[in-house]
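Asks: One-letter residues, chain by chain:
There are 2 protein chains.
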Amino acid sequence: MESPLEEKDEALLPDFPKGPLQTYRARASFSWKELLLFLEGEDIIRLKRTIFSTLENDPLFARCCRGDIAVDKYRELSFLRCKRFLEYRFVRVKDFLQAPVKVSVLIECMGMYDWSVGIKYILNMLVFTLTVFSLGSERHFEYIQKIFKMEIFGCFALTELSHGSNSKAIRTTAHYDPSSEEFIINSPDFEASKFWVGNMGKTATHAVVFAQLYMPGGQCHGLHAFVVQIRDPKTLLSMPGVMVGDIGRKLGQNGLDNGFAMFHHVRVPRQALLNRTGDVTPDGSYVTPFKDNRQRFGASLDSLSAGRVSIMSMSTVNLKLAVCIAIRFSATRRQFGPTNMEEIPVLEYQMQQWRLLPYLAAVFALSHFSKCLFINLLEFYQGMQSQGRSAQQAALGREIHALASAGKPLTSWTAQRGVQECREACGGHGYLAVNRLGDLRDDNDPNCTYEGDNNVLLQQTSNFLLSLLAEKAQGGARAESPLKITGFLDAYPDILSQKFSAPSAGNAWAPEEVLDHSYTLAAYRWLVCYLLRESDRKLNQEKQAGSSDFDARNNSQVYHCHSLALAFMELTVAQRFHDFTRHASVPPSLRDVLGRLSALYSVWSLSQHVATLYQGGYFSGEQAGKMVKATILDLCSQLKDDAVALVDVLAPSDFFLDSPIGKADGQLYQNLWAAVLQGNQVLERPSWWPKFSCEKLEFRSLKPKLAQLCPISPYLREVDPTWPK
Amino acid sequence: MESPLEEKDEALLPDFPKGPLQTYRARASFSWKELLLFLEGEDIIRLKRTIFSTLENDPLFARCCRGDIAVDKYRELSFLRCKRFLEYRFVRVKDFLQAPVKVSVLIECMGMYDWSVGIKYILNMLVFTLTVFSLGSERHFEYIQKIFKMEIFGCFALTELSHGSNSKAIRTTAHYDPSSEEFIINSPDFEASKFWVGNMGKTATHAVVFAQLYMPGGQCHGLHAFVVQIRDPKTLLSMPGVMVGDIGRKLGQNGLDNGFAMFHHVRVPRQALLNRTGDVTPDGSYVTPFKDNRQRFGASLDSLSAGRVSIMSMSTVNLKLAVCIAIRFSATRRQFGPTNMEEIPVLEYQMQQWRLLPYLAAVFALSHFSKCLFINLLEFYQGMQSQGRSAQQAALGREIHALASAGKPLTSWTAQRGVQECREACGGHGYLAVNRLGDLRDDNDPNCTYEGDNNVLLQQTSNFLLSLLAEKAQGGARAESPLKITGFLDAYPDILSQKFSAPSAGNAWAPEEVLDHSYTLAAYRWLVCYLLRESDRKLNQEKQAGSSDFDARNNSQVYHCHSLALAFMELTVAQRFHDFTRHASVPPSLRDVLGRLSALYSVWSLSQHVATLYQGGYFSGEQAGKMVKATILDLCSQLKDDAVALVDVLAPSDFFLDSPIGKADGQLYQNLWAAVLQGNQVLERPSWWPKFSCEKLEFRSLKPKLAQLCPISPYLREVDPTWPK
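In order, the protein sequences belong to chains A and B. Numbering-wise, the UniProt record's numbering puts 661 at position 661 of the first sequence, and it's gapless, one number per residue. Numbering-wise, the UniProt record's numbering puts 289 at position 289 of the second sequence, and it's gapless, one number per residue.
Simulated from the structure, these hints should not be mistaken for lab results. Incorrect hints may have been included.
No distinction is drawn between identical chains; accordingly, a pair holds when it is met within one copy or between any pair of copies.
Stated by the list, open to error - Capping the alpha-carbon separation at 16 Å, the derived lysine to aspartate or glutamate pairs in EDC-like fashion look like this:
# : residue 1 : residue 2
1 : LYS538    : GLU622
2 : LYS538    : ASP634
3 : LYS499    : GLU622
4 : LYS691    : GLU87
5 : LYS499    : GLU512
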């Protein structure tokens, strides 16, 4: 039978260079090229390869010593790279509408190169423009044109020094002055300075500023957005009344300039108000299609879902790169062995497999999920056009909101822990900056915080589930679930009465049961129902004990709503990946490896909840817990020989991966040694050598005291009787 | 009753400045001054305060913008600070023998200032000199004298590019040439270059180099240590035949210069061999008091225990500083509240308490443990003098080795996770470099790796426990446990037959039961016995199934030996802190707060193992699991009002803590704002502004395409009908 690959352009997917990884590559149970083509398709692969080779050949993108660059220079490079990305026009303007997946691939590639550039681009090209689009009207579209021409540079200024999560409590004000038809933007004090705003530190000329809108009569209409010019595009000097600056070095993403701004009675024209959700007439009347501030506020901030879905994809990219580095390292690093003569790759150790392979599975499961959710989001926006705000659309919007609100925490945390595990799994070499695991961890870290702190955000999802339960309790109506995510809750009481029944026999599932892993998903469904019931009970208990709604909610997060939201999200990710891997379109030659990845992600995620499965009585006896563990180890061992080929599917070009210990040729030590020797002034003595050589210390009568210098000297005396007492 | 405090010098423990933290300070159930005096004693407090104020007043130690300093400059500062520390002679030479705890306080203070300086000092002043002391003889003591005069600078060169954990497989060679009475040190290839060696990058003039010793006849006697001069102290240029350089930037500790060295047939005199465990006569005969290489190798490396105990203390310091920052932040950061008008400190949220307070408890428990183990180590060394290698001493040595081998992993991991949690708990501001949580995390990270990778090291402890079990099985003799740590294993079968019996009633323990928390410790003892039995069974199963010893051991780590070592260590830490807090010497006014900290550390640590407690049948029913959770939350809530005062006990001076959001005055925003404005060129436009302002992009006919730019444009059209199709 002719392989479908032979028909493809061989140049598209060239073989990897021969080398130490060959052994594992030869052992793989599947063709990495076939899996890559199946997952991404030829067009996307071609686009990625184009981006990879274009940037690799452009000196502006040349890699320099990681971290050895001054912040100002790094900011400059990030700005220039951001601009060059736009100039290359890898994606056509029409693709934004017709092939938005290409746009997300573009962003993924920018992030694989460096998130400082990627986020700078996103904040300017997407967040600023989308906010102007969605909150403004035609009179604001000139800003978009100017952004695309790079005449101006944008930022999104919501958070303040003293307010982040509680965005409703923002204190910047905008007073309308009908005499001049202007708004006066003002920061009452430094605690109300806009703070943390990406691109604001050095680059942005225009900001979407959120402020409390006050009418001449003193009435406050709540938070509104205004386009405010903060710097002169001709000089990059700040505008009068605007004190704008850089908040300084962060743990990562230092190519991005986060900034602050204080407004001292800055006057902007009436037209600066982004007026979709509310407008002010020239004479100072407030008009809005919304009934109350709360509803208006919700509508004005619902573009945040797109940000959260993006962060899921960003986090997954970070984990993907870290796993590529750690697995290629583990397949080539040899340490210890059955005899003194022979050392084996550390990937052969069960411990190393257990540390890394679940994260490899997580990359596949989470990538699939974030791609799906992105498509759901696009469908939602398209549905808004054809159906408007129908009940079906409203339900879809709610469901996407719930998934994005727990998807961001799950993905960013999995990535954060996974990258750290990869760093540790690469030992000392993982701690060397040139190998990139530090940058991946540091650049990923804020994904846990911005666009909604993870712990706060999870409440959105648990609230959604609790409201479904309440609806059922009230009417018994079928839970509306356009994405079929929450349908299983219809069987809530039945599921709660289920118990785990051990499969066939022994300590582990039979191979076909493992790949099916319906046991895991059933256990997850029980877990979600149990946590839902417990959360509901806990909330009611609190209220019955006299707690306010505020206190009741706060006291029901730990071990209840918080766990519920995460477990629900893990189930959703696991279920979607399970469905995908068992779809008829999967080539038979790929089913086993995809099935194993899916099973491993499920059972590994579930293993965090075994205590709860026992506590609630779903598990009982010693076998249940042992089976979960045995299954994880079994799957790790089955995937071990496929790991390098799976990483070949995930990894970008060596230039993009940018890690000597993770290169595709597997020449671990040659690559690392070369990278170290190419460092800055590696072999030179330090500039301050005279300070070492000229200034010595005076110690009189040191020698007789030597014996007392060290707490173990008595021990030494045993060895050396001449040692002075 | 007159407070004992009034007799003390008020200047020693001045009150904190008034401010927003006052509310919590007033609510504390105990006096922070009393607790500090009880825990540290007046002498240590005085020493610390002296160090704090001396450094704060020395411009050499002035803080500069975190991370904004070039590596070369940072290395210079670290070297000069290291030297200045020595010049200040905070600790007298005789204190090294008479009051070694003072030396550990000195190192703790250096670390609180900056671990780059601290580790540079430790490697030179302690590791190099102790190695020369313990492996060498009188002819080598001149090196120590020179180290103290700063005439030379030392490093410890064991690991190579391709060998870390498996140190026996080191490939550097030392061939003896009797004709010149010299050793020829050689690196066979770059993979055998010494690598990761602290101080070697730029500073060290002398290295203790570990190499395989070869006799003229070709016989190899295994690993030996040699003092090799690598640089000329007059010029800091490398010595002939030595290619020595810097391995480059790391994720943290960049004030420390880690380096590499390749030796090209470098000749050193016969006397360069550190000859305690084996020597070579001038004519080329090898003499050793040890029977075989294996025994000799063990003896030559057993000084590593001291390093591991030090790392426990280093990790605890990192966690301590992070917890101080995060708790002071949480007590002053307000976000959301019961009404729109009033916001409450985030420390009031159960979720925030649950995230942070267990780590606060861990700081107390782990600090106590690492201090104890340090004292045990000193006693061990003293015992070597009086008793030599008696059976009792041998048992003590083994026990300390087992505790240090699991203590380092437990402490470094707890710190790594805790610092990350603190970073996240401080939200965006935690991600700002100036607040130090990033440096704490990055500087702590290698504690998980060096001096034995955590996962590899845990095997030492599980092997120790398994060997105790085997000894019992063979002779039934009482497990020898000089530190009374493993005595409970005598009751191994009885303990295994125990089951958890719910205390009095309800969802949680009664207050007095919580403080007693003998339930937790009993559960832990069962857990250790169960994991010991399971590990032993697993190893035997593997062997019966035909696995080699090597494979059997490797396949018994995950969920078995690995968990066993950690659980045993947690129990040991919890038990020791429990005993300490219930000791008669504890003032009655401190018993409750210390008891709560002890109980929280125990039950929080135990909560990681609830699945195993159920799996093994120690727990059954829903109540057991729920009680563990309820107890944690209950203790968090009880400790919440004491948290700020507890942090006042732990925190160094503001200058040492070096975190605007963690300052003692609690003026969160004022301090942060001041720090940001004091940054480098905060308000200036970037140097590259003309590149922004002059070069614009050409986009023809952009406006008609605008509508297609964004995937959500259909959604926008609903809002704005003028939006072009």
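Asks: Hint numbers the structure violates, sorted upward?
Replies: As far as the earlier hints go, only 5 is violated by this structure.
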